[in-house]
Amino acid sequence: MDFNLTDDRRMLSDMLRRFFREDYGIEERNQVAYNAPFHSTNKWAKLAELGILGALVGEDAGGYGGDAFDITVIFEEIGRGLCPEPMLGTLMALKALETIGANAAIEAIISGDKKAALAVYEVDAFSTLDDIQTQATKSGDGWTLNGRKSIIYGGASADVALVAARHGNGIGLFEVTDFSRTAYAMIDGGGAAEFLLDETPAICLSETAEEPIEAVLDWGRLALCAEAVGAMDWLHATTVDYLKQRVQFGRPIATFQALQHRIVDLGIEIEQARSITILAASEMTTPARAKHVAMAKNLVGRAATLVAEECIQMHGGIGMTWEYAGSHYAKRLVMLDHQLGDKDDHTHRLMEMASASQEKAA
Amino acid sequence: MDLSYTAEEQAFRADVQTFLKDKLPSKIAEKVRLGVELEKADMEQWHALLKERGWLAVTWPQNHGGPGWNAVQRDIFDEECALAFAPRIVPFGLNMLGPVLIKFGTDEQKADILPKILDGTHWWCQGYSEPGAGSDLASLKTKAVRDGDDYIINGQKTWTTLGQHADKIFCLVRTSSEGKPQEGISFILVDIDTPGIEMRPIRLIEGGYEVNEVFFSDVRVPVDNLVGEENKGWTIAKYLLTHERTGIAGVGASTTALGQLKDLVKKVSRRGKPLSKDPLFMAKLTEVEVDLEAMRVTNLRVLSEADSGAAGSMESSMLKIKGTVIRQRLNSLFKSAIGPAAAPFPAEALAGNLSVAPEETAAAAADYFNNRKLSIFGGSNEIQRNIIAKQLFAG
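Read top to bottom, the protein sequences are chains P and W.
Going by our numbering, the first sequence opens with residue 1, and the numbers climb by one from there.
Going by our numbering, the second sequence opens with residue 363, and the numbers climb by one from there.
The reader is advised that the hints may include incorrect statements.
[As the list claims (entries may be wrong)] Derived EDC-like pairs (lysine to aspartate or glutamate); straight-line CA-CA distance at most 16 Å: (1) W:Lys393 to W:Glu414; (2) P:Lys291 to W:Glu649; (3) W:Lys629 to W:Glu721; (4) W:Lys752 to P:Asp241; (5) W:Lys624 to P:Asp344; (6) W:Lys752 to P:Asp344; (7) W:Lys389 to W:Glu649; (8) W:Lys646 to P:Asp241; (9) W:Lys646 to P:Asp159; (10) P:Lys114 to P:Asp188; (11) W:Lys393 to W:Glu710; (12) W:Lys628 to P:Asp60.
[Stated by the list, open to error] Some chain P residues well away from chain W (every beta-carbon gap over 10 Å; in silico): (13) Asp2; (14) Asn4; (15) Gly58; (16) Leu243; (17) Asp265; (18) Ile318; (19) Trp322.
These are calculated hints, taken from the structure and not from any lab test.
Keep in mind it's a predicted model, so treat the numbers as computed, not measured.
The beta carbon of each residue, even a glycine, is placed where N, CA and C say it ideally should be.
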């Protein structure tokens, strides 16, 4: 048993933490996060240069990392730094290409030359792949796609879209470069987009992609869990400081037991979130991956929402302002539960998995 | 990052499992499984079996007769014991007084008392809380006044668990009213059969008898029975409370309880279907399972820090809070799973063979009520939050 990071990962973590602290302050972050292209092209180039993008995929695919604990270390700092860059979409696109062995496209992405996003969910298909309606039809040597993909993370600035679409034999994964989109800022910063596919030409990367897509969504969920842990750590520490500084009734409000016990309870939930994220990371390449990721996303969803709501409350009015950094972290933590299945979604998934394994045993 | 147990740890787990399979009397395990109150003889028999294997005084160093385990081994032992429905080791002599004597006792006290704790000659109980001193333990009033080579003790202790079986009690007493309340407390050992001691049972919410109140009127105790120095008892009390909280998270007990709950939902029905098909109930079960799984890892993180010497009271306070809340939640679901059939008194459900619900649920409601104690004793969960807050806001 060993819960320590390797030296390499500790250096990666320190480097990223320093980068966000020193080079990507909250004013700049808020400036870019809400204005097209909803991230900083300079900072994106810098992340590529630091090797952060390459660390998302394994050596066989042209990267230099790609293990679960590489992902959690990186995304924990993404969370702590409240980074609005399209990291989640890029991670999922890279993992999709890596999983199905389409390695040729990876180099341009990790060098920062091109950006890619994974487009799975639809307006009426935010939970399961079974509900996907977007159609893929063979036409000549290639395919054409018809349908609409919704809330695509990183979709605002993506050059390449990896689209899940239904055809006669199931769900495949298709590469699209020429498509129309509506891009927008998200309430917690960063960009997303709707992809409108109307007889859109596409290259088929894999005709049977359900399993790889499920795996890639789990990589995204793991990343979100780690991001939440980093953001929760930051918000908890910031709230502790605030409680020490804020004076009411002639004394720091940190001396009030009603507040002490609440901040302590948040700390316990954050440790639980950290534990379940470590556990999920350790199961990413085992048959129990989906179960442990669902557990993690469920617990993290509950914890992140609680930490956000409680920290806003304990700050009082200042926690309600746009100017205060803490409010943006709180907003990110709340909205993070809405991504890739919320706490209830994952409870459902766990119940379905338990029920399926019970029937198999019977 | 590596969450797996070493080959040695896995072999150790297998040893413990084999021992439990061979040696744990099925009659006793069955009582634990059904929530039937254990008799003194049951606990003594189990202690004797553990002693024979050298596994009774789990927190003691080897030169005093302990097994010399590290924190991970102790945790594996606790977990396997819980999964096998072994009784918990009665902690007062073995896990509380023993370590205190090893650290603070005189050579004579160690030589005299430690072997008697081990072989079961002494059954110790704890005299800490008083009617007016619960969470605020330092406000205790039971007085010990020096008279020649004796102290004369007057006062009252309460919540003395299993005191009805005990022949010895270790007490915190006030030997001085000077200075801060903590500075006038001493730690003293008392024979229960000393004239002037009266033990009265307290019946608990579920109807059982496990705690007592103890009255002291002019109880004469030799000065030699003092542990450590006079007026330095608070240090010992704190040591006892914070040192080696083996199994404080109760992962094994909660894992067992979850396993029982998962079995139960397949056996009982609600609205014409197995309870395992009821999404509302199963969602609750699922979330507590997730919480327990996270706590299992939190516990491992703390254990691996404990063995490298870095874990502190903050971590054990966190585990105490989370562990008790999870256990209580499981107790609540176990009781709710059988609906109206949770009503019969446990003894009557078992004796009368009512068969209104599976037999392992006979004590479902009783356990639920009894385990409300978990968040109250051993430093209430509110006191644990105070401990964490103190560290959080230090400096």
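Against the structure, the hints come out as follows:
For the hint linking lysine 393 of chain W to glutamate 414 of chain W, the alpha-carbon distance of about 22 Å lies beyond 16 Å, and the restraint is violated. For the suggested pair lysine 291 of chain P and glutamate 649 of chain W, the alpha carbons sit about 13 Å apart, so the restraint of at most 16 Å is met. Proposed proximity of lysine 629 of chain W and glutamate 721 of chain W is supported: the alpha carbons are some 11 Å apart, at most 16 Å. Straight-line distance between C-alpha atoms of lysine 752 of chain W and aspartate 241 of chain P comes to about 14 Å, which keeps the hinted pair within the 16 Å bound.
A hinted pair counts as satisfied when its Cα atoms are at most 16 Å apart, and lysine 624 of chain W with aspartate 344 of chain P does not qualify at roughly 20 Å. Restraint check for lysine 752 of chain W and aspartate 344 of chain P: not satisfied, since their Cα atoms lie roughly 35 Å apart, outside the 16 Å limit. Distance restraint check for lysine 389 of chain W and glutamate 649 of chain W: the Cα-Cα separation of roughly 34 Å exceeds the 16 Å cut-off, and the hinted pair is therefore not satisfied. With a CA separation close to 35 Å, the supplied pair lysine 646 of chain W and aspartate 241 of chain P exceeds the 16 Å bound.
Restraint check for lysine 646 of chain W and aspartate 159 of chain P: not satisfied, since their Cα atoms lie roughly 43 Å apart, outside the 16 Å limit. With a C-alpha separation of about 24 Å, the suggested pair lysine 114 of chain P and aspartate 188 of chain P falls outside the 16 Å cut-off, and the hint is violated. With a C-alpha separation of about 15 Å, the suggested pairing of lysine 393 of chain W with glutamate 710 of chain W holds against the 16 Å cut-off. The straight-line distance between the Cα atoms of lysine 628 of chain W and aspartate 60 of chain P is roughly 46 Å, outside the 16 Å bound, and the hint therefore fails.
Not every C-beta of chain W lies more than 10 Å from that of aspartate 2 of chain P, the closest at about 4 Å, which undercuts listing it as non-interface. With a least CB separation of 8 Å from chain W, asparagine 4 of chain P falls inside the 10 Å interface cut-off, contrary to its annotation. No beta-carbon of chain W comes within 10 Å of the beta-carbon of glycine 58 of chain P; the shortest separation is about 17 Å. With a minimum CB-CB distance of about 7 Å to chain W, leucine 243 of chain P fails to clear the 10 Å threshold, and the non-interface call is violated.
Its beta-carbon lying about 7 Å from the closest one in chain W, aspartate 265 of chain P breaks the requirement of being farther than 10 Å from that chain. Every Cβ of chain W is farther than 10 Å from the Cβ of isoleucine 318 of chain P; the closest lies at roughly 19 Å, confirming the non-interface assignment. No Cβ of chain W approaches the Cβ of tryptophan 322 of chain P within 10 Å, the least distance being about 28 Å, so the stated non-interface status holds.
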